[in-house]
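Chemist: If you're matching them up, the sequences are chains A and B in order. Note that UniProt numbering has the first sequence beginning at 1, numbered continuously upward. Note that UniProt numbering has the second sequence beginning at 1, numbered continuously upward.
Hints in this document: simulated from the structure, not taken from any laboratory. If you're wondering where the values come from, they're calculated on a predicted model, not measured in any experiment. Don't take every hint at face value.
Since the list can't tell identical chains apart, any single copy or any two copies may satisfy a pair.
[Said to hold, decoys possible] Result set (PhoX-like, lysine-lysine): computed pairs, CA atoms no more than 25 Å apart in a straight line:
| id | residue 1 | residue 2 |
| --- | --- | --- |
| 1 | Lys150 | Lys318 |
| 2 | Lys62 | Lys39 |
| 3 | Lys26 | Lys130 |
| 4 | Lys697 | Lys35 |
| 5 | Lys39 | Lys697 |
| 6 | Lys484 | Lys712 |
| 7 | Lys79 | Lys646 |
| 8 | Lys250 | Lys345 |
| 9 | Lys39 | Lys28 |
| 10 | Lys39 | Lys26 |
| 11 | Lys79 | Lys35 |
| 12 | Lys39 | Lys712 |
| 13 | Lys39 | Lys22 |
| 14 | Lys318 | Lys543 |
| 15 | Lys159 | Lys543 |
The primary structure of each chain is shown beneath.
Protein chains: 2
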Amino acid sequence: MAKSQALHTNMGVDYVIVFRFKPSEKAKATASFEKLCHKLSSVGLATEVRNGEDSSVLVFVKVASDEHMHAEIYRSRVKDWIHGVRSSEPPRDIRASLEQDPLTDAERLRIIYQLITNYEEEGGAGIRPKSREWEFVENVFALHDHTFNKHWIKEWATKYRVTIDDLDDIRNRFGEKVAYYFAFENTYFTFLIPPTVVGILAYFILGSFSPFYAALQCLWSVVFVEWWKHQERDLALRWGVRGVSNIESKRHEFHATKQVEDPATGETQKVFPWSERLQRQLLQIPFAFIAALVLGSLICLCFAIEIFIGEVYSGPGKSVLTFTPTVILTTCLPLLTGAMSNLAKRLNDYENYETDSQYDRQHTGKLFVLDFITSYMGIMLTAFVYVPFGSVLVPSLDVFGKVLAKDESQLNTAAKKGFTINPDRLRKQVIYFAVTASIVNFAMEVVVPYFKRQGLIKFKEMTAKGTNSGLQPSANAEDPPDEKEFLDRVRSEAGLPAYDVYTDLREMIIQFGYLSLFGVVWPLVPASYLVNNWFELRADAVKICIEMQRPTPWRADTIGPWLDALSFLTWFGSITVAALTYMFSNDGIGPDGRPHDIKAWGLLLSIFFSEHLYLFVHHIVADAISRIDSPGRQKERRDRYLTRQKLFQNSLEKLPQTVQTDDSNSAPITRATLEEDARQGSLKSSTPIEQFWSRQKGWRESAKMGQLYIEKAIDEKEAAKGKKEL
Amino acid sequence: MAKSQALHTNMGVDYVIVFRFKPSEKAKATASFEKLCHKLSSVGLATEVRNGEDSSVLVFVKVASDEHMHAEIYRSRVKDWIHGVRSSEPPRDIRASLEQDPLTDAERLRIIYQLITNYEEEGGAGIRPKSREWEFVENVFALHDHTFNKHWIKEWATKYRVTIDDLDDIRNRFGEKVAYYFAFENTYFTFLIPPTVVGILAYFILGSFSPFYAALQCLWSVVFVEWWKHQERDLALRWGVRGVSNIESKRHEFHATKQVEDPATGETQKVFPWSERLQRQLLQIPFAFIAALVLGSLICLCFAIEIFIGEVYSGPGKSVLTFTPTVILTTCLPLLTGAMSNLAKRLNDYENYETDSQYDRQHTGKLFVLDFITSYMGIMLTAFVYVPFGSVLVPSLDVFGKVLAKDESQLNTAAKKGFTINPDRLRKQVIYFAVTASIVNFAMEVVVPYFKRQGLIKFKEMTAKGTNSGLQPSANAEDPPDEKEFLDRVRSEAGLPAYDVYTDLREMIIQFGYLSLFGVVWPLVPASYLVNNWFELRADAVKICIEMQRPTPWRADTIGPWLDALSFLTWFGSITVAALTYMFSNDGIGPDGRPHDIKAWGLLLSIFFSEHLYLFVHHIVADAISRIDSPGRQKERRDRYLTRQKLFQNSLEKLPQTVQTDDSNSAPITRATLEEDARQGSLKSSTPIEQFWSRQKGWRESAKMGQLYIEKAIDEKEAAKGKKEL
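Extracted from the complex, chain A is given alone in its bound form:
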């Protein structure tokens, strides 16, 4: 009971700061710690200190004086308003504005976090974990709200569909950035249903590589991506974060090379010339090449070995040797990928972006290149190298033969006299990525960490026992009894890794890639992903609640750079699918197991056709979807409408009224009088212009005059006619 109670109270703690000191630097540590507490209190945060695990101290932080809090809230809201995120200025009186739109958990935590980490000139305490100034501050994290978490997991575990309200809850707890991930995954999940159905039908009726299914699937990808863009925008409006990504937070690593006075604003700015950055960005091209080369060659190598051993070699130890490629991949690939991502990061740093958003965008882009190669190259090799050219290339694999096989006899004779390729290889590979890989993934993500953690706890307990028997005491030795459990909990949460939404999103995108690039090979891919994602969605919830520290609730109005990745994959899909369909459309069976011999021009033509069809359809779909109305858009429209109305009323209220032309007292006029007037006018007035305008007075005269002209003209016409007739 006490346990659950301890679980469900956070003692009003907003954030916990982990202060981990090096035993060697006692004096420095104590000094820095004092500074820490002082800074915190100077921005109106109350502090409590408790003992942490292995040479660390836990600082519990809560808001003591609301002033700073409110100041921070107000500042952020004004900023929003000025950047057009809020449609109206927040009221000066902060309490009032808080009644208007009260703080969510997420906003509150975000603002406190800013209070802690923002620089002093921005009104914060300037405590940035692991920064040079605060090397001992290891981490600043919020405590989980277990009441909510329990409820959340329980609810999702039992329901089939995730609703928009569920997303709202997530947003209110973990911020928009996390909410967007769940929103995306959920949309993706829902969208997978139609292709699942179609896919199953296609599987039993059309079989693989049916052009019809291929077309449907491409169309589906287009619609999905465009729809997501639509919904993303809609959510941004619903959550009132549209445009936050424009609120540029300057990177602190950005170092300017030039001091220029902005000709516009007149203030001197520290800038980094765009031309120079462009030059640096050109390095991306060699980078991409190198990545392709390094990773590519490794994959090719393993691929070759695998084929050789699988299909050519038949000597001793084949059963063992079969695993060599797997071994090589699992050992070398992570190393190389790590190295390349490292290179990517350094290149990105070198490109020296001014804002975080730019930086992330570019960084993601670079990493996506790596992901693209590592994820899809294997299948592509099978589809576009092994199958068409296999019978030409494979025999040349005898180089391995030289190494492994003692004598020729150990090589498949088939290899020499017209090697036949294995047409099923491609399908096997796709199925692997569609089913096996995602199961493995799931295990790695959920099951393994769980056991790891259990093990760690066990281990700690044992060491604790060990220490109790004489050596140094465990951290909780001198906890006050009624806090013991709470503190234990905090300590364990302090030990958890930080949640990064990036990796989860990445996983989804890559999965989508498999579907849109190779879905046509095995129509059941969507079905398998549908099942997988149902669990994935829940597993991620569990992961966040149990295996990760509570993420700092950042805002976002998009999944950002991943959108580009999605669009690219859809586009690229239109090419691969066309190629695959053309090559294997007779189900991959042909002479020497190779599909009906492929005409280069046929292949290219089908690609050309399908790609341009894609571009056309994409254009139409995007256009159509952009017209669809939605709650978010209605909200936006309402706001804009109200603002405009207000402005109009303010502006137009004192417009002059239309003049009442009163020319009641005008004598009945004939042509004679008019001309008389004109003549007199001409006498009086001096300049020709005055004369010109003085011939007729008031509109009645003009009208009369005109009518006279008209009548005259018509009369004359008739007269003329009459004359003629005579």
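Based on these hints, arrange chain B on the given structure of chain A.
Modeler: Structure of chain B alone, referenced to chain A:
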């Protein structure tokens, strides 16, 4: 002297309304005329009436009371501000706001025009020429400012380059819409210089179809289009019209099918469901097909005949028959094109767009399809049908043979035994469009109208004489002597056609198309266009000043739909150029005059390659250009900066100050005292939370506590180490 004087005064007339009545409807005409004068005066416009030519009356209009004028100005400026065209609200006092930014000629005329034509509920007189209500009002036009025109033409005739100031002048007189045309033409002209140089070099060094030149030329097109986008935006900022195209003016032809209450704004709106429009828009696809079919087949036919007569037929009357295709084209093509454009218009009306901008955009798009076919199909036939397949197809032209030639002997024997195609045909065609066509065009545009007009004047004089001799008198019979010349001038201007910037722009775009699609055939194309456009630019100035009525100065912030056309042509160019280069790269000479026999896959591959290269380069160029700073952008930035600063100052001035944490009177604390405090705290306070937060008071205690923890931990570690060592 008097003449020139008459030329240079407009008698302070702002607009002239041509009221042309049907002799048959006397009563109706007079009534309507009275209404006209009344309406005009009711919006504070003074009127003078004079006799017009053949059964028409001229109504001269000037602003009498400034109130309406000012109201209109203010209204339009507020509208601008609310739509974000102006960065700041215009001052309430209109006189002040007029001192701030005085009216240009263009703005003044625009606003008076609106005053005349806007509906009454919008504060105008609601006089729309040729509308059902105002069937007799033929036209509302402003008088030319001959002083400016003279100066303008003289200046341009003598100077080589048109500067931005010249464009400003045009903008101030004729409005942004016209100014944009000149800006575009000028930019295009300037951009033609580099390819001219390169082209001439290529002509003498590389010859036609050099891949190198092709690549350069594609790159050039991309840069040009992107740069224009950049400059367009820049001009919009310079002229303060950025975003005017968002100020949606509802079409009066738009008829709504549904009355829905907008869930957002709550007001009932008349709408036309987007889904239905989308369905209607789908008709564009058959339309495009039909257009291609109708026009295409005609062109094909003529093409076939031409080839047959030119290269196969050798019977009697060849010299005459040679012209048949030309005759057919010049007679039928205009008819068909007219019919199709008519169809396009009706289709566009049927699609029932809500705003003028949408309508124009779509309409232009449709017409562009027609232009595209009529302009480029001929050359494409030569390049992609005649040359590659000529030797197959031409012999089948004997069908004509059957018709024309009495006996086989009259057919080129060559036609039967392996007909050889004429490799030079393509180049000839391109040269025709590059040189001959543009000269003809020039003549049609400038010279012909001039003579036509002279002729007309002569004719009028003669008829006038005729009438003076007894029949109905000419219009100027009873003009006051001192107005005679002025009125003559006005009458002749009233007789001029209205200027439409659309046609001129269209011409330029199509020209650009020839260059970007087929420039590679004959490297001198840019040179010829450079020369042509130097004259074109001046000719258009002359045209506007002399041969057209003064255009109503509309605003614009883009050349609008033509941008899409430009982008499309550049894209399409990347395909055609690649194809042409591949096919003719050995200068078109090959066996049977046909280029080296063409591999379909090679052709497709080169297209595929070049197109994706284009997409990639386009992406980079667009990105790079978008970073370039410019006066316009600086202005924009300054405005935004100032606004933000203002807002910030207003909002953030009364932010709370940081609290001074005063804990001076705190006794020196030891661990004992601290824990004592804690214990007592726990006794006093009730809830665990209070206890939790009461253990340490103020940041000093927390700091101290933490330091104690740290020291303790370190001491114990050392102790433990010590123990071990023993």
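Chemist: If a hint holds in the structure, say so; if it doesn't, say that too.
Modeler: Evaluation of the provided hints:
1. With identical chains, the CA atoms of Lys150 and Lys318 are never at most 25 Å apart, being 51 Å at best within one copy and 94 Å at best between copies.
2. Proximity of Lys62 to Lys39 under the C-alpha cut-off of 25 Å is restricted to the intra-copy arrangement: shortest distance 13 Å within a copy versus 72 Å between copies.
3. Only within a single protomer do Lys26 and Lys130 lie at most 25 Å apart by alpha-carbon distance; the minimum there is 18 Å, versus 93 Å between protomers.
4. Taking the shortest alpha-carbon separations for Lys697 and Lys35, only the inter-copy value of 16 Å comes in at or below 25 Å, while the best intra-copy value is 88 Å.
5. With identical chains, the CA atoms of Lys39 and Lys697 are at most 25 Å apart between copies only, with a shortest distance of 15 Å across copies and 83 Å within one.
6. Taking the shortest Cα distances, Lys484 and Lys712 sit within 25 Å of each other only across copies (19 Å), while inside one copy they are farther apart (111 Å).
7. Proximity of Lys79 to Lys646 under the C-alpha cut-off of 25 Å is found in both arrangements, the shortest distances being 22 Å within a copy and 13 Å between copies.
8. For the identical chains of this complex, Lys250 and Lys345 are intra-copy neighbours only, at 18 Å inside a copy versus 52 Å across copies, given an alpha-carbon limit of 25 Å.
9. For a Cα distance limit of 25 Å, the shortest separation of Lys39 from Lys28 inside one copy, 16 Å, qualifies, whereas the shortest one across copies, 88 Å, does not.
10. For the identical chains of this complex, Lys39 and Lys26 are intra-copy neighbours only, at 20 Å inside a copy versus 92 Å across copies, given an alpha-carbon limit of 25 Å.
11. Taking CA atoms no more than 25 Å apart as the test, Lys79 paired with Lys35 passes in neither setting, with 30 Å inside one copy and 56 Å between copies.
12. For the homomeric pair Lys39 and Lys712, the shortest alpha-carbon distance between copies (24 Å) is at most 25 Å, but the shortest distance inside one copy (96 Å) is not.
13. In this homomeric assembly, Lys39 and Lys22 come within 25 Å of each other (Cα to Cα) only inside a single copy, at 21 Å, whereas the closest approach across copies is 90 Å.
14. For the homomeric pair Lys318 and Lys543, neither the shortest alpha-carbon distance inside one copy (41 Å) nor that between copies (87 Å) is at most 25 Å.
15. Taking identical chains as interchangeable, the C-alpha atoms of Lys159 and Lys543 lie at most 25 Å apart only when both belong to the same chain, with a minimum of 18 Å there against 74 Å between chains.
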